[in-house]
Structures are given as C-alpha cells and as structure tokens.
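**Student:** Sequence:
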Amino acid sequence: MSVHPRLQLTDEVRDALAEGRPVLALESTIISHGMPYPDNVRMAREVEALIRAEGVTPATIAVLDGVPRVGLSDDDLEMLGRAGESVTKASVRDLAYVMAKGIHGATTVAATMRLASLAGIRVFATGGLGGVHRGAASSMDLSADLTELSRTPVAVISAGVKSILDIGLTLEAMETLSIPVVGYQTDEFPSFYSRSSGYDVPMRADSPEELAAIMATQWELGVTAGLDIANPIPRADEIPADEISGIITQALADMDERGITGKDTTPYLLGRVVELTGGASLTANIALVKNNAMLGANLATAYAAVTAGRA
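Note that the working numbering has the sequence shown beginning at 1, numbered continuously upward.
None of these hints come from the bench; they were simulated from the model.
Quantities reported herein were computed from a predicted structural model and do not represent experimental measurements.
Glycine included, each C-beta is placed from N, C-alpha and C at the ideal position.
Warning: the hint list may mix true and false statements.
Unchecked claim - Straight-line C-alpha distance at most 30 Å; calculated BS3-like pairs for lysine-lysine:
1. Lys263 / Lys101
2. Lys263 / Lys290
3. Lys101 / Lys89
4. Lys290 / Lys89
5. Lys89 / Lys263
To be verified - Estimated spans, in silico, between C-beta atoms of each pair:
6. Arg42 / Pro234: 15 to 21 Å
7. Ala96 / Asp206: 38 to 44 Å
8. Asp74 / Ala100: 24 to 30 Å
9. Asp264 / Asp206: 35 to 41 Å
10. Ser245 / Ser73: 37 to 43 Å
11. Ser150 / Gly259: 27 to 33 Å
12. Thr147 / Pro5: 22 to 28 Å
13. Glu54 / Ala96: 31 to 37 Å
14. Thr176 / Ala53: 35 to 41 Å
15. Arg235 / Arg52: 23 to 29 Å
16. Gly66 / Pro38: 24 to 30 Å
All chains, full assembly: derive it from the sequences and hints.
**Tutor:** Below is the structure:
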C-alpha cells in the first residue's frame with residue numbers, strides 16, 4: 001500500500017512498512033491531554049520501549065507544525081508532554097485546520113486511526129475509546145471515535161471505553177454502526193479502570209493469532225470498518241467498579257457545576273478523577289496503556305504473519 005504524500009514518516013517506520021515488518025500506531029492526545037507532565041512523557045517513552053522489545057516498530061502519531069507525523073523523536077515526545085493542553089486536541093474534523101494553520105495537533109483515537117490507515121498501519125493501541133457520553137439523549141455528545149471505527153480499517157486495542165461514559169449506550173451504538181467488538185480473553189466488556197462493566201462482549205478471541213485472522217477476514221470481505229478489541233486492565237492494577245463509580249459521579253457533578261462541555265470534558269474528568277483517587281487512577285491508566293501496548297505489539301506481529309501468508 002502506498003503512503004499518503006502529506007504524511008511524514010520516520011525512517012524507522014517507513015523501512016518497517018516497506019519490508020512488511022510489524023508496526024503499531026499510538027496516539028498523542030494521551031500525552032498532551034491525558035496525563036500530567038512528566039508522567040505523560042515517561043509513559044510514552046516506556047510504551048515505545050516495550051513495543052521495540054517485542055520486535056515491533058512504534059509509530060506515535062501527531063501533527064507537528066502542520067505536518068502529519070507517523071513516528072516521533074524523543075524530543076517530539078518531550079515537547080508534546082511539556083506543552084500539554086496548549087497543543088490543539090485534533091480529531092478528524094480538525095486535521096485540515098491544524099495542517100493549514102501550520103500548528104501542532106495531538107491526535108485523538110479517531111484522527112490517529114485515519115492517519116494510521118493512510119500510512120498503511122492496521123493495528124493501534126490506546127488507553128480507552130471515546131463513546132456515548134452520559135446524558136447524550138439531551139446533549140448529543142457522541143465521540144467521533146465511533147464513526148471513525150465504522151469506516152476506517154484499523155484494529156483499536158483499548159481497555160474498553162472510558163468509564164466516565166455510558167457504556168451500555170456505547171455498545172448499542174457500535175452494534176448499530178457494525179463495529180465488531182471482540183473481548184480479548186474475556187466475555188465481559190471492561191470499563192477502563194475496572195475489568196467489569198456488567199455488559200457482555202458479543203465476540204471473544206483468546207490469542208493474537210485469532211484476532212489477526214478476524215481482522216484479515218473482515219477486510220478481505222470488503223467490510224471496511226475497524227475493530228474494537230477490548231483488553232481488560234490487569235487484575236492487580238484495576239480499581240473495582242463499585243469503588244470508581246462514586247468517584248466518577250462526583251467528577252461529573254463537579255464538571256456540570258463548572259459548565260464544562262464538548263471536547264474539554266474528557267481531559268477535565270480524567271484529571272478530576274486523578275485528584276479524587278489520590279493518584280490511583282493515574283497509576284491504573286499507565287498500567288492499562290502498557291498492557292494494551294503489549295497486546296498491540298503481539299497482534300501487529302500476528303497480523304504481519306497472516307498478511308504475508310495471504311500475499
């Protein structure tokens with residue numbers, strides 16, 4: 001597959017793709033908007049190191065000075081982490097704007113999916129998906145992550161959707177949009193900080209090879225939707241659902257009191273939950289991101305083997 005000419009790839013990523021070696025996409029919003037500095041930069045570096053140790057090339061994606069970048073340098077990671085929320089949070093709708101303006105954009109799940117697909121990368125690991133917000137019946141607050149998953153052929157590994165969302169409605173929306181939801185070694189959809197949500201997953205796979213076969217078969221059929229691969233947080237790192245639910249309710253009430261809406265809601269809520277848990281949620285967040293990255297590396301390897309065998 002040819003790479004879109006507007007993308008700038010590192011030599012490491014370009015060579016891996018040209019040679020058919022596994023590449024794993026990573027987002028940049030989690031760096032600039034998802035965690036405080038310097039935890040964000042340390043997390044990004046450790047995740048890339050974990051992926052390389054598995055023989056896989058990491059491709060952290062962002063828009064820098066208006067250029068969509070697939071693969072970042074260590075200095076780039078540092079800059080995004082230090083700049084934090086001053087970097088524009090860029091979903092798909094924002095890509096043309098940040099490129100035309102020549103500014104920095106930290107890519108969301110949706111924008112990272114789109115740019116990864118344009119680069120020919122089919123596996124992407126993140127923390128949690130966006131989805132249907134609580135109260136969406138009146139606010140109509142639905143994440144663009146869902147619409148992008150419905151039309152872009154990238155497998156996204158996450159610890160479920162962010163637990164600040166309405167998980168049941170999000171699963172209903174994914175069914176309507178024909179997005180396969182596959183639980184990895186689980187029959188229950190995880191809820192980010194917790195392994196449990198009370199909702200079942202419609203499909204299950206128990207190995208990266210099974211996941212890779214599902215991906216390859218879906219796209220061979222001409223179904224261009226991505227896949228949501230739900231990978232529960234490790235048991236030792238989770239915050240039980242009954243414990244985190246009250247904290248999230250408090251964070252939502254605080255947000256409403258401050259009148260925070262739109263794309264500012266998720267960064268605020270995640271930051272407020274960190275405060276209310278005394279930092280425990282940040283520890284859990286980092287643990288689940290690393291867990292997803294490890295599965296992502298293994299899946300990228302398995303998918304490269306499947307596609308090589310079908311070439």
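**Student:** Are the hints correct? Go through all of them and say.
**Tutor:** For each hint, the structure was consulted:
1. Lys263 / Lys101: holds, 20 Å
2. Lys263 / Lys290: Cα-Cα ~25 Å, so holds.
3. Lys101 / Lys89: holds, 14 Å
4. Lys290 / Lys89: holds, 22 Å
5. Lys89 / Lys263: This hinted pair holds, its Cα atoms lying about 8 Å apart.
6. Arg42 / Pro234: 15 to 21 Å: holds, 19 Å
7. Ala96 / Asp206: 38 to 44 Å: holds, 41 Å
8. Asp74 / Ala100: 24 to 30 Å: Given range 24 to 30 Å: holds, Cβ gap about 28 Å.
9. Asp264 / Asp206: 35 to 41 Å: holds, 39 Å
10. Ser245 / Ser73: 37 to 43 Å: Because 40 Å falls inside the window, the suggested range holds.
11. Ser150 / Gly259: 27 to 33 Å: holds, 31 Å
12. Thr147 / Pro5: 22 to 28 Å: holds, 25 Å
13. Glu54 / Ala96: 31 to 37 Å: holds, 35 Å
14. Thr176 / Ala53: 35 to 41 Å: holds, 39 Å
15. Arg235 / Arg52: 23 to 29 Å: Holds, since Arg235 and Arg52 (Cβ atoms, about 26 Å apart) stay within the stated range.
16. Gly66 / Pro38: 24 to 30 Å: holds, 26 Å
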